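K.L.:
Residue-level listing of the chains:
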Amino acid sequence: MSFPIFDIHCLFGDSLFEKSESAASMQTRRDQYPELEALLIPAKPKDYLYPGAMEELRVATKSLAATFPCLRVDPWRSKEAEELIEQSREPAVFLHPFEEHMYPTHKNFYSVVEHAAKKKRPVIIASGYLPYSHAAQILPLIRDFPEHPFILTHGAQINICGLHITEAFEIFESCPNTYFETSGIYRQDYIERAVSELGAKRVLFGSGGPHYDFHYELKRILYLNVSDSDRHLILYKNARRVLGLDLE
Amino acid sequence: MKIIDAHTHVQSIPGHMWDSPPKRLLKLMDDAGISQSIIMPYGEIRPEDPTLLYEGYQATQDHPGRLLAFARMHPAGGEKGIELFEKAILEMGFVGLKFHPVGTLTHPADPSSVDFARKAVELDVPILFHCGDEEFTLPFQIAKLLDKVPEAKVIFGHMGGYFHVDDAIAVAQTHPGCYLETSACPDPRVIEKAVNAIGPERIIFGSDGPGCLPALEVEKIRQLKLGADTEAQIFHKTIESLIHTGEDS
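Protein sequence lines, in the order shown, are assigned to chains A and B. Each residue of the first sequence is one higher than the one before, starting from 0 at the first, in numbering that gives the first Met the number 0. Each residue of the second sequence is one higher than the one before, starting from 0 at the first, in numbering that gives the first Met the number 0.
Honestly, the hints are just simulated from the structure, not real lab data. Treat the hints loosely; a few may be bogus.
[What the hints assert, rightly or not] Under the rule of at most 30 Å between Cα atoms (straight-line distance), these lysine-lysine pairs were calculated in the DSBU-like manner:
1. A/K43 - B/K192
2. A/K218 - B/K1
3. B/K192 - A/K18
4. A/K200 - B/K26
5. A/K117 - B/K143
6. A/K119 - B/K26
7. B/K26 - A/K218
8. B/K224 - A/K18
9. B/K192 - A/K45
10. B/K22 - A/K218
11. B/K86 - A/K218
12. B/K86 - B/K224
[As the list claims (entries may be wrong)] With the C-beta cut set under 8 Å, the calculated list includes, among others, these residues of chain B facing chain A:
13. V113
14. V120
15. H129
16. E133
17. A183
[Claimed, not checked] Taking CB as the label site, the calculated pair distances span:
18. B/R117 - A/D143: 53 to 63 Å
19. A/C174 - B/V101: 38 to 48 Å
20. A/V58 - B/R221: 51 to 61 Å
21. B/E85 - A/Y109: 36 to 46 Å
22. B/G77 - A/E191: 18 to 28 Å
23. A/A23 - B/N195: 21 to 31 Å
In this text, all values refer to a predicted model and were calculated from it rather than measured experimentally. Note that CB positions come from ideal geometry on N, CA and C, so glycine has one too.
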C-alpha cells in the first residue's frame, strides 16, 4: 500500500519484556508500506539503562530510511535524564510512568518535563496504565505546563469497558496543548469523537508496536468515518508538524 | 460466510455517546456482513425494574432472525431475579445470561452468581462474562465460578482484555466449559494464539458493537488468515453449539 504514514509510537530494540521491533522487522514493514516513516522509541532495555539503548537506536535509525530516534529517559535517574535531554537532538522525549514505576506527580517527573520544555521537545507519555498513568493522574502535570505539547498514547486511556473514557477526554478538552494518539483504542467512536470535537489536527496515528499489531492499528485509521483530508492529517502530516520535522 | 456476532449492545440512551438503538447496530451489521447479533443492554436488570429486559425483548421482536438477546441480570436480584431470568429464557426467547461484574460489584463466584449459573445450566444456556483487566473480571476470578459449576458454559467476553489474555487462555486450557470471545481485545495475534492453544471450537466471534466497529472486528479475524473452516467455526459454529439461533445451522 502506498500512501504516507507516520507512526509516532513504535518501541524498538531488545526489550526486557520480550517483544521487540528490530531493524529487520522495520525494513519488512517499509517494504509493505514504502511511504512509512516512524519515530522509534527505545523499548525498556534488558539492562534497564537508556543511554546505551539510545546509542544503539541512533545507529539503527541512521541505517533505516525514514526513521527518527526518540529520546527515552528514566526519571529515577534524574541527573542522567536531564543531561540526556540537554545533549539531545531527538525531536521528542518519551516517558512511561508504568514501566518506570513513577507517578507523573513525582518531582523527578516534573523535572524531566521542565527540561524538555526548555529544549522545546514535545513529551510523549504512555497513558492510561493503572496505577501510574490514569488520566486523572496525568492531568495535574499537563495543567502545570499549559504551553508545552504533550502526546498522550492510547487516547489517554486503556480500559476495555470504557471506564476511563470520560476523564481521558477531559484532558484533551481542557488542555489544548495535548495530542491524542490512537494505538490500542478499542472503540472507533472514541477516535471519531476526538476528530469531531478536538479537530483532526490533534489526532496522531501510532501503532504502539510491538505490543499492538501495526497492520491492525493502521486499519483503525483506515476504517474511521472521517474525510480523506482528515485521515491524511492523522496518518502523516500531524506527526511531522508536532515533531517539528517539516522545519528541517 | 455466515457471521453471528455474540456480543453487542442495544439500549436507548439519548444524547449519550453510547446511545445504541437497534437501527445503529443493524446498519453496522449490514456494513460488516453480519447476519445475526446477540444483544444486551449496558445496565443490569433487577426484578424491581425489568425495563431493560423488555427493551431487549422488543428489539428481538422487531427484528426477528437478526437480533437475539442475552439477559443482563444483577446477581443481587435473588430468587425473584432468577425467576425473571427463567421467564426471559422460556417465555421471551432470550438465549443466554450476561454478567458484568464491573457494573454489579459482585464476585463471579459469589453465591448469588453461582445460583444464577446453576439456573443457566438447568436452562441449557451459556453465560457471557465481561472478562478484562478490572477487579472481579479477571480470568482466574471467573474460573472460580467454573470450579463451583463445572458444567456451566461460560464465555469470556474480550478474552482477558488488554493485559490478561494469557490468563484467559490458561483458564480455558484447564476448564472445558470456558469459551473465549474475541471482541475489543486489541491485538489480533492473541486470537491466533488462543486458536492454537485450545482450538477454534471454543473461540467465539463478538464485536462489542456498536461502540467497537463490527466491520473492524470481523477484519481482526480475517487478517489472521486462519482458513475457511477455522473462520466458520469462530464466526458462527461455536456459538451455534451453545444457543438456539432460531435457524437451522
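K.L.:
Now tell me, hint by hint, if it's right for this structure.
P.N.:
How the hints compare with the structure:
no.	hint	in the structure
1	A/K43 - B/K192	holds (24 Å)
2	A/K218 - B/K1	holds (23 Å)
3	B/K192 - A/K18	holds (15 Å)
4	A/K200 - B/K26	holds (29 Å)
5	A/K117 - B/K143	violated (53 Å)
6	A/K119 - B/K26	violated (46 Å)
7	B/K26 - A/K218	holds (20 Å)
8	B/K224 - A/K18	holds (22 Å)
9	B/K192 - A/K45	holds (25 Å)
10	B/K22 - A/K218	holds (25 Å)
11	B/K86 - A/K218	violated (42 Å)
12	B/K86 - B/K224	violated (41 Å)
13	V113	violated (23 Å)
14	V120	violated (26 Å)
15	H129	holds (6 Å)
16	E133	holds (7 Å)
17	A183	holds (4 Å)
18	B/R117 - A/D143: 53 to 63 Å	holds (54 Å)
19	A/C174 - B/V101: 38 to 48 Å	violated (28 Å)
20	A/V58 - B/R221: 51 to 61 Å	violated (38 Å)
21	B/E85 - A/Y109: 36 to 46 Å	violated (58 Å)
22	B/G77 - A/E191: 18 to 28 Å	violated (41 Å)
23	A/A23 - B/N195: 21 to 31 Å	holds (24 Å)
When the structure is compared with the earlier hints, violations turn up for hints 5, 6, 11, 12, 13, 14, 19, 20, 21 and 22 and for no others.
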